[in-house]
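Taken in order, these protein sequences are the chains called P and C.
By my numbering, the letter at position 48 of the first sequence is numbered 48, and the numbering carries on one by one without gaps.
By my numbering, the letter at position 164 of the second sequence is numbered 164, and the numbering carries on one by one without gaps.
No lab work stands behind these hints, which were simulated from the structure alone.
Keep in mind it's a predicted model, so treat the numbers as computed, not measured.
Each hint should be verified, as a subset may be incorrect.
Here are some, though not all, of the chain C residues that point toward chain P, as calculated from beta-carbon distances under 8 Å [claimed, not checked]: (1) 30; (2) 34; (3) 42; (4) 93; (5) 94; (6) 108; (7) 185; (8) 188; (9) 202; (10) 238; (11) 242; (12) 246; (13) 256; (14) 273.
Glycine included, C-beta positions come from ideal geometry on N, C-alpha and C.
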Amino acid sequence: MSKIFVYAEVVEEGVVEPSLELIGRARELADKHGFSVSAMLVGFGVRKLADELIYRGASEVHVVDNEVLSKYNLLLYTRAIVEVVKNEKPEIFLFPATTTGRELAPRVAARLGTGITADCTAIEIGDYVDPITGKKYEKLLYQIRPTFGGTIMAAIVTPNHRPQMATVRPGVYSVPPRDTSRSGRIKEWTIDFSEEDVGCLEVLEVKRERRKVDLRSAKIIVSGGRGARPEGFKLIRELAELLGGEVGASRAAVDAGWISYDHQVGLTGQTVKPDIYIAVGISGAIQHVVGMKDSKIIIAINKDPEAPIFRISDYGLVGDLFIIIPKLIERLKVAKS
Amino acid sequence: MVTVNSKQNSSSGRLNIVVLVKPVPDPKEPPKFKPDGTLDRLSMKLVMNPYDKYAVEAALQLREALGGIVIGVSMAPPHAIDALREALAMGVDEFILLSDPRLAGSDTLATSYALSMVVKKLWSKLGKVDLVLCGVESSDSNTAHIGPEVAEWLGLPSISYVDKILEVSGGYVKVKKLIEGGYMVIRVKMPAVLTIAGTSYTPRIPTLRDVITARRKQIITWNVDDVSIDTSKVGLLGSPTRVIKMWAAEIKRRGKIFTDTDIDRLIDNFLAELRKDGVKLK
């Protein structure tokens with residue numbers, strides 16, 4: 001049976017949610033179209049996580065467990081994955097579009113000489129007829145993604161090269177339920193890394209903050225960006241409190257030290273879908289937008305009328321946040337009393 | 001032709017840096033479509049990919065600190081040349097434009113192959129290339145593929161999402177890389193490919209004089225044959241992926257923008273609109 005591979009990214013001794021989401025989606029596609037689902041685990045001391053992947057929907061787990069892989073190393077991880085792929089010949093290989101997946105997957109693709117689509121928001125299985133040769137292909141991976149800042153959608157296929165590869169945006173599919181009655185095969189691989197230049201790339205330090213604020217269940221989020229400055233965050237907090245919401249932030253505001261990482265929304269922060277998202281002094285860089293674009297209603301406050309955030313907003317207030325927010329707070333307070 | 005004296009550059013600690021730059025439709029302008037619904041790329045104003053500006057800035061800062069040369073490289077149609085002058089105005093020493101109709105329709109694997117062939121040619125001309133920098137992704141297609149794929153074609157290590165280059169010494173470069181929830185510090189052997197994520201590098205704004213000087217600098221155009229590209233690996237037919245369908249994304253946003261110098265009136269109008277639409281802030 002043709003195989004769908006899913007990369008099981010491990011962070012701090014656990015498989016990340018975006019990888020579990022992909023196992024869930026792969027399982028759905030596999031059941032409908034007759035594929036099998038295999039997970040790919042790479043690291044040191046990761047063998048123990050294989051059962052979890054089977055409980056989530058994998059029927060097979062390929063494990064490369066080696067001390068040299070104890071810290072994430074792009075070159076060694078690429079080597080391990082490519083070795084397994086060459087032997088197992090999967091039809092499809094999915095990676096989560098995390099910061100790791102987005103650098104590892106294209107490297108693997110290029111080494112295998114195959115195509116890859118980044119940051120898909122949907123994956124389907126379907127047929128394709130090549131308009132040039134007339135050749136018909138069955139059960140290809142439809143790699144569907146937004147492009148041009150989200151204004152255009154594209155469906156992409158990889159007709160002749162294998163595996164068909166894609167990274168998939170976290171949060172578009174849900175984490176599948178855990179079913180401990182499921183069983184599967186675990187295959188451990190021994191890969192010789194002696195030829196590799198292990199010291200070529202070395203991780204010296206990893207700093208990862210644990211999140212204390214969960215923005216994902218918030219109904220209202222008021223977020224600040226580079227334009228907010230520390231004084232702006234005082235206003236943002238006040239507005240959030242008045243509305244009974246949480247405070248969010250862009251990466252720029254977190255990096256500037258105005259607010260802790262717990263509040264960050266976007267690619268390297270949290271993905272949120274509140275009823276109302278108020279973006280204050282946030283220009284709307286794609287790295288932020290991917291984390292909030294599915295909010296029910298988006299309100300933007302920005303002094304630059306050309307800020308890209310206005311293009312994805314329901315309501316846009318063009319002006320100085322330091323004048324707009326105090327007046328807005330005042331009006332809302334009056335309305336309340 | 002590249003004017004650099006290779007001997008002078010290969011012996012010292014000076015760095016030969018290649019920056020990959022993509023001309024993109026101005027992200028501030030909405031995309032234009034042809035009557036058949038496809039994108040009208042030719043009528044859209046092109047600018048330098050904003051993320052590549054961070055990479056250019058990082059390269060210029062390295063050159064200023066350690067000496068060396070910064071060469072811009074782009075693969076684009078000839079009309080992109082104005083957007084590339086921006087890089088020269090910022091201070092890039094020379095610029096190579098790889099332009100050839102045979103490259104049209106290349107996907108990321110094909111594009112990265114073509115760009116890697118340009119880097120290889122520069123490498124042999126200069127005697128060495130120490131770093132290849134580019135923006136983490138482009139503002140139009142956002143794939144983030146080109147950096148790691150170029151590295152793969154060149155057989156070099158790569159690091160994506162570099163926030164800051166911390167140190168260059170002893171043939172190694174130490175960088176801070178962004179990850180979910182924090183960062184990694186990674187030491188990597190040069191030559192290496194780094195994709196710059198931004199935040200720490202504020203791109204310099206060229207002065208009028210810089211812009212005028214840049215107009216006098218020549219952008220060297222190479223074609224597929226100049227860099228010995230295997231044409232079976234590029235263009236639409238050389239690309240493993242095919243776009244089978246494109247459609248306008250359904251943006252269900254209301255897009256009601258309020259502009260008024262009288263902020264009280266602006267808020268009035270905004271709140272009235274919310275009431276009309278049945279949206280409750282609380």
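The hints, checked one at a time:
| no. | hint | verdict |
| --- | --- | --- |
| 1 | 30 | 7 Å, holds |
| 2 | 34 | 13 Å, violated |
| 3 | 42 | 15 Å, violated |
| 4 | 93 | 28 Å, violated |
| 5 | 94 | 27 Å, violated |
| 6 | 108 | 7 Å, holds |
| 7 | 185 | 4 Å, holds |
| 8 | 188 | 5 Å, holds |
| 9 | 202 | 11 Å, violated |
| 10 | 238 | 11 Å, violated |
| 11 | 242 | 5 Å, holds |
| 12 | 246 | 5 Å, holds |
| 13 | 256 | 5 Å, holds |
| 14 | 273 | 7 Å, holds |
Against the hints set out earlier in the document, violations occur for numbers 2, 3, 4, 5, 9 and 10.
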